[in-house]
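So the sequences go chain by chain: A and B.
So for the first sequence, my numbering puts the first residue at 1; every next one is plus one.
So for the second sequence, my numbering puts the first residue at 1; every next one is plus one.
Hints are computed from structural coordinates only; laboratory data are not their basis.
From the three backbone atoms N, C-alpha and C, an ideal C-beta is built for every residue, glycine too.
Check each hint, because a few of them may be wrong.
[To be verified] Take a look, some chain A residues computed to stay more than 12 Å from chain B by CB distance:
(1) Ala46
(2) Gly76
(3) Asn187
(4) Ile227
[What the hints assert, rightly or not] To give an idea of the chain B side of the interface with chain A (calculated C-beta under 8 Å), a few residues:
(5) Trp423
(6) Arg427
(7) Lys502
(8) Asp505
Each chain, letter by letter, is given below.
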Amino acid sequence: MDWISPRALNRLGMLNMNRRNVDYIARYNERSSYPLVDNKLKTKLAVAEYDVKTPKLLQVVKQQHEISRFREMAEGLAGFAIKPAKGSGGKGITVITGRDGDSFVKASGARVGASVLERHLTNILAGLYSLAGTPDVAIVEDLVESAPSLARYSHQGVPDIRIIVFQGYPVMAMLRLATTDSDGKANLHQGAVGVGLDLGTGKSLNAVQFNRPITLHPDTGLPLENIQIEAWDEMLEMASRCFEATGLGYMGVDLVVDAQHGPQLLELNARPGLAIQMANGRGLLPRLRAVERLKRPHFTPGERANYAMKNFASL
Amino acid sequence: MNSPSRLPFYIAVFLLITAGISLAIWRHAELGIPWLTGEQHPVWMVEARVDFNGSNQPIVASLNVPEHPPGFRILTEQAASPGYGFSIIDKAGSRRAEWTKREVAGPQTLYFKAQFIPDPGAEQTPPAQPPKTRRLFWEEPQATAVREILAQAEARSSTPESMTRELIRLMQPDTRVQNTTLLVSEENYLQLLVNMLNHSGIPARTADGLKLEDARRRQQLTPFLQIYNGEKWLTLNPKTAAQGIPEDLLLWRQGSESLLDVVGGDNSEISFSILRQTIPALQLSAMQSDGNGLGFLSFYELPIEEQSMFRMLLLLPLGALVVAFMRIVIGIRTSGTFMPVLIAVAFVQTTLVPGLVAFLSVVAIGLAMRGYLSSLNLLLVSRISALIILVIFITAGLSIFGYQMGFNTGMTVTFFPMVIIAWTIERMSILWEEEGGQEVLVQGSGSLFVAICAYLLMSAPLAGHLTFNFPELHFSILGLILLMGQYTGYKLSELRRFTPMKVYD
Chain A
1 MDWISPRALN
11 RLGMLNMNRR
21 NVDYIARYNE
31 RSSYPLVDNK
41 LKTKLAVAEY
51 DVKTPKLLQV
61 VKQQHEISRF
71 REMAEGLAGF
81 AIKPAKGSGG
91 KGITVITGRD
101 GDSFVKASGA
111 RVGASVLERH
121 LTNILAGLYS
131 LAGTPDVAIV
141 EDLVESAPSL
151 ARYSHQGVPD
161 IRIIVFQGYP
171 VMAMLRLATT
181 DSDGKANLHQ
191 GAVGVGLDLG
201 TGKSLNAVQF
211 NRPITLHPDT
221 GLPLENIQIE
231 AWDEMLEMAS
241 RCFEATGLGY
251 MGVDLVVDAQ
261 HGPQLLELNA
271 RPGLAIQMAN
281 GRGLLPRLRA
291 VERLKRPHFT
301 PGERANYAMK
311 NFASL
Chain B
1 MNSPSRLPFY
11 IAVFLLITAG
21 ISLAIWRHAE
31 LGIPWLTGEQ
41 HPVWMVEARV
51 DFNGSNQPIV
61 ASLNVPEHPP
71 GFRILTEQAA
81 SPGYGFSIID
91 KAGSRRAEWT
101 KREVAGPQTL
111 YFKAQFIPDP
121 GAEQTPPAQP
131 PKTRRLFWEE
141 PQATAVREIL
151 AQAEARSSTP
161 ESMTRELIRL
171 MQPDTRVQNT
181 TLLVSEENYL
191 QLLVNMLNHS
201 GIPARTADGL
211 KLEDARRRQQ
221 LTPFLQIYNG
231 EKWLTLNPKT
241 AAQGIPEDLL
251 LWRQGSESLL
261 DVVGGDNSEI
271 SFSILRQTIP
281 ALQLSAMQSD
291 GNGLGFLSFY
301 ELPIEEQSMF
311 RMLLLLPLGA
321 LVVAFMRIVI
331 GIRTSGTFMP
341 VLIAVAFVQT
351 TLVPGLVAFL
361 SVVAIGLAMR
371 GYLSSLNLLL
381 VSRISALIIL
391 VIFITAGLSI
401 FGYQMGFNTG
411 MTVTFFPMVI
421 IAWTIERMSI
431 LWEEEGGQEV
441 LVQGSGSLFV
451 AICAYLLMSA
461 PLAGHLTFNF
471 PELHFSILGL
481 ILLMGQYTGY
491 KLSELRRFTP
501 MKVYD
């Protein structure tokens, strides 16, 4: 058994679960704002007013009888994603990348008929994937085509960028790459690769999988050292804007880079995980405290993103 | 990082914890509720037996019974006398047990039983107003003798106590002079002493004491002398003039004129049997809490059925404490926050090993069946409902199977909360599908570990004793849990999880 001493963790400024819950989530996140992030549909509508782009909404299925209209809607579409509005951790998300005659091609390459998708919609409505098993609605979104510069690193799934935003300041970021272990999902605890990103430049720092440092992607074999996220400042500003949209003081913003539409918001998370610190090799606490110490916070998202880029990379 | 607004919180938590502990200490001191289980206290059981012959007349038998015997407290009183009306009558200064019956013939026996707890602190209450002396008219030549003896005693003494002592000494056979020989005869010695003391202006009376010895039968009372010294009644041995009451002496009668009056019968006799018993200290304090101002804080007055329910309920906070500690400080992952506590409660009823076997087999069979259910693609509510029914089938099957095989422990399965088990199976199954078998193993064994810890704590006799008899200790538990809610330090598991960070240190 290998241990790290609490003193070393303190030196590194590692944020831990209890402190995250008590000092940050409980203190800075209004309970009433939670539905806004726990429900993807509400998130979409809320951030739209703040110029944060999300994948185009194709259809909302709220009632069982509306499922019949899904078939008509899906008729002319090549790719789309079906998501439960209240799902968490990527549960219940079905991604269709193309058509093969009458059947749909899933991201994994499997072919399914329309009836399978309809049953999936029924399951979503019944609350199979929602947080507390409560009835849910299904949303059908445009398929995100990941920008090829990033897509090649990821196995199957779309790579996304998780940015922790504290009081509107982006404080830490990482790139999440799906692996076979993670079954195409971008969740670190399921085995996705987390690549820490330099907040100042958008360049990769180091990478971890299952909490262990790695240098190559386990499936694609590509080196993870010199990844550069394009339009980095734009992304940070976009993440920063979500603060105004939701009012959540401490949240995780998940962005993707679409080949055609540029950065888009995938979802928000009111209880972002701690693994991002391992991917960065840095603790969150120094940056969080720097924001708490600010006597005159910046008012615009642009200013905040700038401040973060200048100051936090070195903390 | 602590903002000042947390200070009141910490003060409140501190108050909660200290309130719980100090209330417990106070009740321990006041009510004598023992800290440990199995503490025993000695109790004297005294049985007074009254015999007389009835003569076809209505009868009233009246026996003086102790009211506030110094050095003892009365725990219970009861009378055994078939066919008799019985009541205890409180008259000024004396308590009497009274038996009544219309037609009585032949030899009769009445019993009066009482339990006494030695209590060095128990003192008799001083009389509301000082007793008066009764002056007696003495005939000559006794009057002169009395006067002279009293003068002699008075000359050698300064207080009522010393006066009495001197008088007793003068009346003893070896110091007797002519005057005393004239007065004293064997039968009237004590009464004479009382009369003389009263004559000299010291209120005096007789009292009867019972020497407490284990397993004695047919004991008689020993007479004692009591004088009033201006503040309280003092008890003296009329022969040796030794002041005070020996530790093993129970003053059965004091202050009342007669010990036993039987109207309508003859040949009345009284004798005593004594037995030393021990009763659990807990039972003792439960009995005493009746009528005590602090008694309302305890559960002793509830019906037994509710008491046993509370016994169980009051253990739950301990389980919650264990769960909070394990999750917040140690960082053990469990499936369902308080599932372990409920499992632990079931373990308390089934005992550990049979409970563990039963629980694991139900969950394992349930998981296998749930696998089939999940392939049916059912809606959540009906899937859970089906699972609950399946769980009931499984438990019923296990019980019957176990019983037929000769294991009575199979029956204990029924103690497990069915709905909780169904949800556990559901969660485990979803976990299996989403995160794989390893996570199921981690969370499952985490839950079981926490449940076993909670069980070990809850099933400790001391824990049950303290939580039930000192319910105020739950304030302290609440305080501890609140305090843990503010713990922002690293969990033990995080020290392991963040180990790779060593490289960056």
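Taking the hints in turn, this is what the structure says about them:
The non-interface label for Ala46 of chain A is consistent with chain B: the shortest C-beta to C-beta separation is roughly 28 Å, beyond 12 Å. The beta carbon of Gly76 of chain A sits about 28 Å from the closest Cβ of chain B, which is more than 12 Å, so the claim that it is off the interface holds. Once the 12 Å rule is applied to beta carbons, Asn187 of chain A is inconsistent with being away from chain B; the minimum gap is 10 Å. Against chain B, the non-interface label of Ile227 of chain A holds: every CB pair exceeds 12 Å, the least being about 19 Å.
The interface hint given for Trp423 of chain B is broken, as the beta carbon of that residue sits about 10 Å from the closest beta carbon of chain A, more than 8 Å. With 8 Å as the threshold, the beta carbon of Arg427 of chain B stays out of range of chain A, its nearest partner Cβ sitting at about 11 Å, so the hint is violated. For Lys502 of chain B, the suggested interface contact is upheld, since its CB lies about 5 Å from the closest CB of chain A, less than 8 Å. Nearest Cβ of chain A to the Cβ of Asp505 of chain B: about 5 Å, under the 8 Å cut. The hint holds.
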